[in-house]
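Undergrad: Now for the letters of each chain:
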Amino acid sequence: MSTAKKQTIHFSGHNNFRRRLVLATLSGMPVRIDKIRSDDVEPGVKDYEVSFLRLLESITNGSVFEISYTGTTVVFKPGIIVGGSVTHNCPLSRGVGYFIEPLLLLAPFGKKALTATLRGITSHSLDPSPDSIRTSVFPVMQKFGIERQELKIIQRGATPLGGGEVMLHLPHLVLHPKTLHATTTPTISKIRGIAYSCRVSPASVNRLIDGAREELRATGCETFIFSDVARGDESGKSPGFGIVLVGETRPGFCISAESVAVAGSIPEDLGRETAKKLIEEISRAGVFGRNQLDMAIIFMILGSGDVGRLVIGKQNIDERFVTLARDIKKFWGVEMRLKEDDENENEMICTVKGVGFVSASKKIA
Amino acid sequence: FKKQTRKSWDINRVLYQDDVSPADAISKWKGDFEEQEEDIEADEEEFLKRADFVDNSGLDSSVPIYGDCLDSWTQEAIAGLSDRFITAVFDKDGNVIQ
Chain G
1 MSTAKKQTIH FSGHNNFRRR LVLATLSGMP VRIDKIRSDD VEPGVKDYEV
51 SFLRLLESIT NGSVFEISYT GTTVVFKPGI IVGGSVTHNC PLSRGVGYFI
101 EPLLLLAPFG KKALTATLRG ITSHSLDPSP DSIRTSVFPV MQKFGIERQE
151 LKIIQRGATP LGGGEVMLHL PHLVLHPKTL HATTTPTISK IRGIAYSCRV
201 SPASVNRLID GAREELRATG CETFIFSDVA RGDESGKSPG FGIVLVGETR
251 PGFCISAESV AVAGSIPEDL GRETAKKLIE EISRAGVFGR NQLDMAIIFM
301 ILGSGDVGRL VIGKQNIDER FVTLARDIKK FWGVEMRLKE DDENENEMIC
351 TVKGVGFVSA SKKIA
Chain F
1001 FKKQTRKSWD INRVLYQDDV SPADAISKWK GDFEEQEEDI EADEEEFLKR
1051 ADFVDNSGLD SSVPIYGDCL DSWTQEAIAG LSDRFITAVF DKDGNVIQ
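Read top to bottom, the protein sequences are chains G and F.
For the first sequence, the working numbering gives the first residue as 1, with consecutive numbering after it.
For the second sequence, the working numbering gives the first residue as 1001, with consecutive numbering after it.
If you're looking for bench data, these hints aren't it; they were derived computationally from the structure.
Even glycine gets a Cβ: it sits at the ideal position worked out from N, Cα and C.
Hints may be right or wrong, so weigh each one.
[To be verified] A partial selection of chain G residues facing chain F, derived with a Cβ cut-off under 7 Å:
#1 Arg18
#2 Thr117
#3 Arg192
#4 Ala218
#5 Thr223
#6 Ser227
#7 Arg290
#8 Glu319
#9 Ala325
#10 Trp332
#11 Glu335
#12 Arg337
[What the hints assert, rightly or not] Here are the simulated DSS-like pairs of lysine-lysine, each with C-alpha atoms no more than 25 Å apart in a straight line:
#13 G:Lys353 - G:Lys330
#14 G:Lys152 - F:Lys1028
#15 G:Lys330 - G:Lys35
#16 F:Lys1028 - G:Lys111
#17 G:Lys353 - G:Lys329
#18 F:Lys1028 - G:Lys190
#19 G:Lys77 - G:Lys330
#20 G:Lys35 - G:Lys111
#21 G:Lys111 - G:Lys46
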C-alpha cells in the first residue's frame, strides 16, 4: 500500500463502529464518523464506544481521536499497532467480548505480543463469551496461520454487576495471514460444548446440559458438553449461567452458538434453545458461521496478494456482509466476487484477492 | 397473491452500488432467489430475519439474532439434516460400531 494516500474516509451512523476503526487502524487511514445516533434520544457515542477508543489508543502508538462537543462525530487518526501489555476495565454496558473481538484482528499485526487483561462482564447477551471466542473464533485465526492464542477466564462475571476478569494472550505476530481455500462445506464430526455458571446452584449446569443433549440427540452426532462451575474467587458479583455449543469438523472449522441466561431463564429451555441455534447455524451451510464471517473476510483481504476462496451459505450473505464489503472497498479499493456454487445451491463461493498488506509497524522506516 | 416478476439482480452488481442500501441490495438479489421457491412462508421468514439483522447491526454485536426461525427445528426437522453430520453407526442391539 502506498503511504501517499492519507485521505480521510468518511462514514455516517454508529453501525459497525468497531469494525470501521479496526479497518482504519490496519490500513493506517484516518476516518471520520458522523451522525452517530444524531436522531436518538441520547445522541452521540456510548460509554462502551469511548472505552473502545481508549483501548485502541493503549495498544497503538500515535493514535489520535477527537469527539465532537455533541458526541455525534468522531475523528480517528490511527497510529502504529504496538501491542504489549494492557489492562482494561470494560464498562458494564457491554461484555468483554466486545473488546476482545477487535483485539484479535489487530494484535497479530503489532510490533510486540499482546497480553490484555480485561475486567467486566464475561457473559453478555450482545457479545460473544470468552468460551465461544476460544472455541470458535480461535480456530478461524488458526486457519489463517495465526496460532498459540490463549484466553484464560480468571473470574466469571455476569450481568448486571460483572466483576469478571479474562486474560488474553496473542503472542503470534505475522506479516500476512495465510491464504484460505475452503470450497466445500465439511460435515460436523462431533459436537462439543461448555455449560457454565457462577453464583447459582451447580445443578443448573447439569440441567443446561440435559436440555441441550436432548435436543441434539436427533442429529445422531457424538455430543459431549463440559461443565464449568465457578466457585468462590472464580465468580464475580452477579449470578448467571450460560452455554456454548460448537459443531466441530475434521478440517478444523467450528460452527458455534451460545446463549446467556436472563432473569427467569429455565436451564433446560436455554439448553434446548441453544441446541436449535446451533442447528440453524449449521443448516445455513458454508464453512463459517455468522459470528466468524467478518474475521475470515478481513483476514482474507489482508492476505499476501493471492486469491483466496471461501464457501459461504447464501443465507449468511446479509446486510452485515454487504456493509463489510463496502467498508473494505473504501479502505483498500478491492472488491470481492461471489459466484454460485455448482455443487450446492445454498452456497456461494466468495473470491477475495489479498491486498498484500504490510502493517505499518512492520515496515522498515 | 400476485407473483413477483422482478428481474433477478446479480449480487456482484448490487454489492458495491453505494446508492442502494445494504437491506435493498439483499432484497434485490433475493428477489430472484425467493421467486424460484414460490413459498410465501419462506418469504415471510426471510423478511423477519432481515428485520432482526437491522437491530443487530445497530447494536454493533456479532452475536446473531435468531427470531422465530428456531421454532421450525422440530426433532424431525433436525433428523432431516443428517447429511450435515457424521453419525455413529449402530448394530441391531444398539451398540456403536463406528
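Undergrad: Against each hint, give a clear statement of whether it holds in the structure.
TA: So, going through the hints one by one against the coordinates:
Here the hint on Arg18 of chain G is kept, as its CB sits about 6 Å from the closest CB of chain F, short of 7 Å. For Thr117 of chain G, the shortest C-beta to C-beta distance to chain F is roughly 22 Å, which exceeds 7 Å, and the interface hint is violated. Because the beta carbon of Arg192 of chain G sits about 13 Å from the nearest beta carbon in chain F, more than 7 Å, this interface hint is broken. Restraint check, Ala218 of chain G versus chain F: the minimum CB separation of about 4 Å is within 7 Å; hint holds.
About 10 Å separates the beta-carbon of Thr223 of chain G from the nearest beta-carbon of chain F, more than 7 Å, and the hint is not met. Among the interface hints, the one on Ser227 of chain G is violated; its C-beta lies about 22 Å from the nearest C-beta in chain F, farther than the 7 Å criterion. Against a cut-off of 7 Å between C-beta atoms, the interface hint on Arg290 of chain G holds, since the closest Cβ of chain F lies about 4 Å away. With a cut of 7 Å, the hint placing Glu319 of chain G at the interface with chain F holds, because the nearest CB-to-CB distance is about 4 Å.
Hint status for Ala325 of chain G relative to chain F: holds, with the closest Cβ pair at about 5 Å, below 7 Å. Annotation: Trp332 of chain G was flagged as interfacial toward chain F, and the flag is violated, the nearest CB pair being 13 Å apart, outside 7 Å. Given hint, Glu335 of chain G at the interface with chain F, holds; its Cβ is 6 Å from that chain's nearest Cβ, closer than 7 Å. Annotation: interface hint on Arg337 of chain G holds; nearest CB of chain F at approximately 6 Å, less than 7 Å.
Distance restraint check for Lys353 of chain G and Lys330 of chain G: the Cα-Cα separation of roughly 15 Å lies within the 25 Å cut-off, and the hinted pair is therefore satisfied. Taking the CA atoms of Lys152 of chain G and Lys1028 of chain F, the gap is about 44 Å. The hint is violated against a cut of 25 Å. Annotation: proposed proximity of Lys330 of chain G to Lys35 of chain G holds, straight-line Cα distance about 18 Å (limit 25 Å). Proximity of Lys1028 of chain F to Lys111 of chain G is assessed by CA-CA distance (about 44 Å); at most 25 Å being required, the pair is judged violated.
Note on Lys353 of chain G and Lys329 of chain G: the hinted pairing holds, with a Cα-Cα distance of about 12 Å set against a maximum of 25 Å. For the proposed pair Lys1028 of chain F and Lys190 of chain G, the alpha carbon gap of about 37 Å is over 25 Å, so the pair is violated. Pair hint Lys77 of chain G plus Lys330 of chain G holds up; C-alpha atoms about 16 Å apart against a cutoff of 25 Å. Using a Cα cut-off of 25 Å, the hinted pair Lys35 of chain G and Lys111 of chain G is violated, with the two alpha carbons roughly 34 Å apart.
The hinted pair formed by Lys111 of chain G and Lys46 of chain G fails the criterion: a straight-line CA distance of about 30 Å is larger than 25 Å.
Hint compliance for this structure: hints 2, 3, 5, 6, 10, 14, 16, 18, 20 and 21 are not met, and every other hint is.
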